[in-house]
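Asker: Dock chain B against the given chain A, drawing on the hints supplied.
Spelled out from the first residue to the last, the chains are:
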Amino acid sequence: MTEERIIAYLLEELSEAERERWEEEAFDADEWPAEIALAEETLIDAYLRGELAPAQRENFEQKYLSTPAREEKLVTARALLRHLDERQKTGAVEGKISWAESWRGFWKGWRLSFAALALIALSVGLWWRLNAPQKPQTFASVQLALSSETRGTGGAETPKVKLNGADALRVALPVPANYAAPGYHAELQTATEAVKLAAAAPQNGLVKIVIPAARIPRGQYALQLHAIDANGKETRIPGNYYFDIE
Amino acid sequence: LFLNEGIMEDLRPGARLASSQVGAETFAYFLKRIHADSETAGREYARLRDKLAGYFALRGDGDPETAADETLDRVAAKIAGGAQVPDIGRYCLGVARLIVLERQRQNQREQKAFAGFSEERENRFDELAEQAYRRMQDCLERLAEKEVKLLTDYCRDAKGWEKARWRETLAAQWGLTTLALRLRVHHLRARLAECVKKNAKK
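First to last, the sequence lines map onto chains A and B. Under the numbering used here, the final residue of the first sequence carries the number 435; numbering is consecutive throughout. Under the numbering used here, the final residue of the second sequence carries the number 1150; numbering is consecutive throughout.
Bound-form chain A, shown alone (with noise of 0.2 angstroms):
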């Protein structure tokens, strides 16, 4: 709904099709578009201040202006612009616009973009130091077993680990010697959810993996481990290395 269209639909240089298109489009809004209105206000002050083109002219005194109430709103118009252009010229504000003016405001404009720009970039900046994942310090650490029971079925007796106030937990897995890769993933199940967690290369058959305290609070929880070979192609590591967080 342009500005164009809108004055357009006005002075009736649209086909009755394109009129009755148009009204459907502006009633089907969720309300009543504000930007009407003002394409209205901006008909009338162009018909007064003589910057219709003279097609557009005739069509605003001949078809726009055939309602008691338009003839209302013009008159009203013209009786403010008339106030508005004697208070230029008696002085009682300062009058037409100079080129000075004119360039000081775009550039007052621009300065106050620049200046949105660089407090902008300095909040991010802020944002970034305050909120960025910082690397964690403190580790606590665990060696885990590859377990193919479900939890609670038997075997092994899962692992208790206790934090104590370390930002993050180091967990060694041991990988079966038939899916010895280049390199490998981790996946931690947690209650709600899957998390993808990166493993550094691996080391005498044990694959670190390092999972931030804050992903972890008391709980019982499983990893699982995929094998990814030179081509890329991933295979997951049957079992589960489950351990709980006290």
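Hints may contain errors.
No more than 25 angstroms apart at the CA atoms, straight line, and that leaves these computed lysine-lysine pairs for DSS-like [to be verified]:
1. Lys1145/B to Lys1097/B
2. Lys349/A to Lys397/A
3. Lys385/A to Lys422/A
4. Lys278/A to Lys1107/B
5. Lys1094/B to Lys278/A
6. Lys324/A to Lys397/A
7. Lys278/A to Lys1097/B
8. Lys278/A to Lys1111/B
No lab work stands behind these hints, which were simulated from the structure alone.
Answerer: Showing chain B alone in chain A's frame:
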């Protein structure tokens, strides 16, 4: 779209229902058709009424609110009478178009009566403009100084690019977007127009 013969016949001027003629039962039934939940129906009704008033204002109606009420009354009566209306909004628009046509015809009849007195009409227009100018003075004085300043600045005589650039500058000075500035000026002008109208009735 809805100006088919059936509607034309049932909603002809003679069958018009004024607001007061729509009974509580018809109105309640209409609201129920808008939405089963009465609160939602009330909100939808108000929204529909606002849109209709906007439409009538667009078409140059002198009393858009009353015209909106008349439209809703006619639609309510039609629905209560058993009309199948799958889309109430579009149906209202159809009826509103019909009312505009009726009013245009009425207006044309009045203009024809004045046709022989075009000079008188011209004079009357000038006289109205002069009266509006005098009433406007009083209305401008009722505005706050900064509001008058905003209006004066906004309406400064400038053309094309210069005008657009000036209004951007003004918007920046007021800490507004250009659209928000336009809306603020529009509301001020609407207040002034209302004030001029009220002064005319005194």
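Asker: A separate judgement is required for each hint: does it hold in the structure or not?
Answerer: Structure-based check of all given hints:
| no. | hint | in the structure |
| --- | --- | --- |
| 1 | Lys1145/B to Lys1097/B | holds (22 angstroms) |
| 2 | Lys349/A to Lys397/A | holds (18 angstroms) |
| 3 | Lys385/A to Lys422/A | holds (16 angstroms) |
| 4 | Lys278/A to Lys1107/B | holds (18 angstroms) |
| 5 | Lys1094/B to Lys278/A | holds (19 angstroms) |
| 6 | Lys324/A to Lys397/A | holds (16 angstroms) |
| 7 | Lys278/A to Lys1097/B | holds (14 angstroms) |
| 8 | Lys278/A to Lys1111/B | holds (18 angstroms) |
When held up to the earlier numbered hints, the structure conflicts with none and fits them all.
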